[in-house]
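Number of protein chains: 4
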Amino acid sequence: MYEKQKQELYEAHMMLERYNLVAYTSGNISVRIQNHVIIKPSGVPYSSLKPEDFVVVDLDGNIVEGNKKPSVDTATHLYLYKNLDWVYSVIHTHSTFATVWAILEREIPVLCTAHADVFGEKIPITEYAPVGSEAIGKAAMKVMGKSGTVLLRKHGVLIAGTSLEDALKKAIFLEEVAKASYYAILAGNPIAMDPQEVDKLYNQYHTKYGQK
Amino acid sequence: MYEKQKQELYEAHMMLERYNLVAYTSGNISVRIQNHVIIKPSGVPYSSLKPEDFVVVDLDGNIVEGNKKPSVDTATHLYLYKNLDWVYSVIHTHSTFATVWAILEREIPVLCTAHADVFGEKIPITEYAPVGSEAIGKAAMKVMGKSGTVLLRKHGVLIAGTSLEDALKKAIFLEEVAKASYYAILAGNPIAMDPQEVDKLYNQYHTKYGQK
Amino acid sequence: MYEKQKQELYEAHMMLERYNLVAYTSGNISVRIQNHVIIKPSGVPYSSLKPEDFVVVDLDGNIVEGNKKPSVDTATHLYLYKNLDWVYSVIHTHSTFATVWAILEREIPVLCTAHADVFGEKIPITEYAPVGSEAIGKAAMKVMGKSGTVLLRKHGVLIAGTSLEDALKKAIFLEEVAKASYYAILAGNPIAMDPQEVDKLYNQYHTKYGQK
Amino acid sequence: MYEKQKQELYEAHMMLERYNLVAYTSGNISVRIQNHVIIKPSGVPYSSLKPEDFVVVDLDGNIVEGNKKPSVDTATHLYLYKNLDWVYSVIHTHSTFATVWAILEREIPVLCTAHADVFGEKIPITEYAPVGSEAIGKAAMKVMGKSGTVLLRKHGVLIAGTSLEDALKKAIFLEEVAKASYYAILAGNPIAMDPQEVDKLYNQYHTKYGQK
Chain X
0 MYEKQKQELY EAHMMLERYN LVAYTSGNIS VRIQNHVIIK PSGVPYSSLK
50 PEDFVVVDLD GNIVEGNKKP SVDTATHLYL YKNLDWVYSV IHTHSTFATV
100 WAILEREIPV LCTAHADVFG EKIPITEYAP VGSEAIGKAA MKVMGKSGTV
150 LLRKHGVLIA GTSLEDALKK AIFLEEVAKA SYYAILAGNP IAMDPQEVDK
200 LYNQYHTKYG QK
Chain Z
0 MYEKQKQELY EAHMMLERYN LVAYTSGNIS VRIQNHVIIK PSGVPYSSLK
50 PEDFVVVDLD GNIVEGNKKP SVDTATHLYL YKNLDWVYSV IHTHSTFATV
100 WAILEREIPV LCTAHADVFG EKIPITEYAP VGSEAIGKAA MKVMGKSGTV
150 LLRKHGVLIA GTSLEDALKK AIFLEEVAKA SYYAILAGNP IAMDPQEVDK
200 LYNQYHTKYG QK
Chain B
0 MYEKQKQELY EAHMMLERYN LVAYTSGNIS VRIQNHVIIK PSGVPYSSLK
50 PEDFVVVDLD GNIVEGNKKP SVDTATHLYL YKNLDWVYSV IHTHSTFATV
100 WAILEREIPV LCTAHADVFG EKIPITEYAP VGSEAIGKAA MKVMGKSGTV
150 LLRKHGVLIA GTSLEDALKK AIFLEEVAKA SYYAILAGNP IAMDPQEVDK
200 LYNQYHTKYG QK
Chain L
0 MYEKQKQELY EAHMMLERYN LVAYTSGNIS VRIQNHVIIK PSGVPYSSLK
50 PEDFVVVDLD GNIVEGNKKP SVDTATHLYL YKNLDWVYSV IHTHSTFATV
100 WAILEREIPV LCTAHADVFG EKIPITEYAP VGSEAIGKAA MKVMGKSGTV
150 LLRKHGVLIA GTSLEDALKK AIFLEEVAKA SYYAILAGNP IAMDPQEVDK
200 LYNQYHTKYG QK
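Heads up: the sequence lines are chains X, Z, B and L, in that order. Here the first sequence is numbered in our numbering, starting from 0 and rising by one per residue. Here the second sequence is numbered in our numbering, starting from 0 and rising by one per residue. Here the third sequence is numbered in our numbering, starting from 0 and rising by one per residue. Here the fourth sequence is numbered in our numbering, starting from 0 and rising by one per residue.
Treat the hints with care, since some could be wrong.
Copies of the same chain look alike in the list, so a pair counts if it works inside one copy or between any two.
Stated by the list, open to error - Straight-line Cα separation of at most 20 Å, EDC-like style, residue types lysine to aspartate or glutamate; simulated pairs:
hint: 1; residue 1: K141; residue 2: E10
hint: 2; residue 1: K3; residue 2: D59
hint: 3; residue 1: K211; residue 2: D52
hint: 4; residue 1: K67; residue 2: E10
hint: 5; residue 1: K207; residue 2: E10
hint: 6; residue 1: K145; residue 2: E196
hint: 7; residue 1: K49; residue 2: E10
hint: 8; residue 1: K178; residue 2: E104
hint: 9; residue 1: K178; residue 2: E16
hint: 10; residue 1: K141; residue 2: E196
hint: 11; residue 1: K68; residue 2: E2
hint: 12; residue 1: K199; residue 2: E133
hint: 13; residue 1: K207; residue 2: D52
Quick caveat, the hints were computed from the structure, so don't treat them as lab data. Predicted model only: the values in this text are computed from it and were never measured.
Using the sequences plus the hints, can you model the full thing?
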């Protein structure tokens, strides 16, 4: 079932590792196919993860296919799919510098053009919510803007994407932006970009960049 | 003797390298099998280490099998095995950010959920103790809590695990947590998590996370 | 058309990845061959980029060969080629520490001999200019010195080279220099090198270093 | 001539890359065999370096074998060989955090046991000396202690070893120590280790550690 999609999901998890966004077992990605969601199994190290390990659940979290327990973050992913019909992929990580902002309980301001291009807005931060129920999904939706990207207070990152590729790209660029912005605020008082310029860059990037 | 366990121990050492927790020759892992302990040979670079290089000693440090000298930290490992019957694997590293906290002579407070999940408590720091005798093991036991993980003052990290996998996971996540927490305290005054919430997350993680 | 040059250009992009100067899709390199310019296609991830994906345009930006859209930064590259006849390769990145200086809106002073050797001057910073037109090229030329290397304010890096190898070398060393210099100004008030000594090192490096 | 030694020297250069102590073309290692010295050719990128590229010179710098120009740092290496009869290998790098200390014009104090074990003393820093003559070698000898390891002011690192392995190990551990010590002084005022304890650790490490 969904063999091709499981392979793509596996490769996307390997990209999380390649960009050092996850460590050992942490982080997870899901994709939605109609009323089904494919997600990483709970606590399986990246070094032993295989495409056939991924678990298929329905939107209520019932296992449709798979021998493994799904991620403990499954309820969080499902909450986004059920409440946002444009979402087809969700990523959760504790990538280092995004997590530093989450520990500092600070939004990430728009300090550079890459941030404006990809996200088009500051990265908001949720109220604190414990793992394992719909609480994180609810907290994320309260602050989520057009970027579909939020910091989870004292925790990490949650990203909603229109596709697996869209979510993966945002996961990678969020850490790039979080890192450069962290080092900048540590050494000075950088000025946030003008919101109108941010809008302009975002719209241009989302209409003219890439091959489509 | 213990061919399978030596292979697993070799692979765990390679994981220390993959996660940049060790450099060239530093760091070591041991596992206990009844009254025997298998441990890294002293000073052998990771790039030339082989499964058959590992040394088998008894709990008094006598060599049972092996052509090489065991790690100079063998006495430290044995002290933990002899005094804590739940310990089946020990890891010692100088991973960068954990060592920074050890140089600063500061415990690592619980600033994020990954810390609470895996360790369930602040990471304590030992008094200073010189290498090569039981002194480090004794100093570690004085401050060791349920996480089995301690900072060695002005030195590095010592981790006791219920299994090789448990110890390895803690070695990897300790550096993740030490790094994000370091960057956070450098840029602000982050607030430690509520101890009751830490307990809740720790208990949930240790009962519901993973495949068992 | 230009099969050999496309292969070299592909390998140079892989070097950008190897040195972590780019992420996922960001950054691009072009080379000029008489009135033609070969450049990276827009938004293609490094993990799926192939030599045959590169696009050949003329100096006015008309596509001469290629099935893909060229980089959105093509106008910037072409502006440099049209106005500086010594330029045969252009590189654009958002490499982390160079971008930190760009966010801080600060030039990089000459703090170490590697900076003096390769660049021979402080790295200047442009006024802010939006992507996608000749604005960035114009802003770059206003401040560009003999190093052909500038920081793009709140954006990243633009490098003009006499050859692909020259541009690549400057892209790699700029990040090295930006990183060490950042850490130094964060921890103290390092003194810039004497301009006469900088000149001497630069001239020596550009006449005696290497195999030619 | 010296085929085996050239292969070992090649592999040691690859280790410098693996530990990110060098970038693209920077850094070099030499070994001495009686009155001959084998050294890296000038400006050859690590990605294209081959064992047969290494150049054999005599102690006066005359080329004995090789089609390439030797490193511009050859005079520095030779000065150490001619004046210190215990030296059989020399390494020069601009590894990031060691260079940060060199830019800050500060010695590295002994803040952790790994520093005491391997070096047994603070890492001294030379007066400023320009590249390409014996000036760097002379400046290094003025401050060099038993570790054979010095910071070159505003430049980088110079290491003298009793063997290739000894020099390589010091190059790797110097960056480890420079990095952890940098982060520690950035976040606090760590206390240097007691000199008697440093001596004790150094002597113990140099008599009991490893396989000999």
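Against the structure, the hints:
1. K141 / E10: Answer is neither; intra-copy 31 Å and inter-copy 44 Å both fail.
2. K3 / D59: The answer is neither: 23 Å in one copy and 42 Å across copies each exceed 20 Å.
3. K211 / D52: This pair counts as between: shortest inter-copy Cα distance 15 Å, intra-copy 32 Å.
4. K67 / E10: within (19 Å within a copy, 24 Å between copies)
5. K207 / E10: For K207 and E10, the Cα distance exceeds 20 Å both inside one copy (27 Å) and across copies (26 Å).
6. K145 / E196: within (16 Å within a copy, 31 Å between copies)
7. K49 / E10: Both: 10 Å inside a chain and 18 Å across chains, each within 20 Å.
8. K178 / E104: This pair counts as both: shortest intra-copy Cα distance 15 Å, inter-copy 17 Å.
9. K178 / E16: both (17 Å within a copy, 17 Å between copies)
10. K141 / E196: neither (25 Å within a copy, 22 Å between copies)
11. K68 / E2: Answer is within; shortest intra-copy Cα gap is 18 Å, inter-copy 31 Å.
12. K199 / E133: So K199 and E133 pass the 20 Å test across copies only (17 Å; inside, 35 Å).
13. K207 / D52: between (38 Å within a copy, 18 Å between copies)
Violated hints for the displayed structure, listed by number in ascending order: 1, 2, 5, 10.
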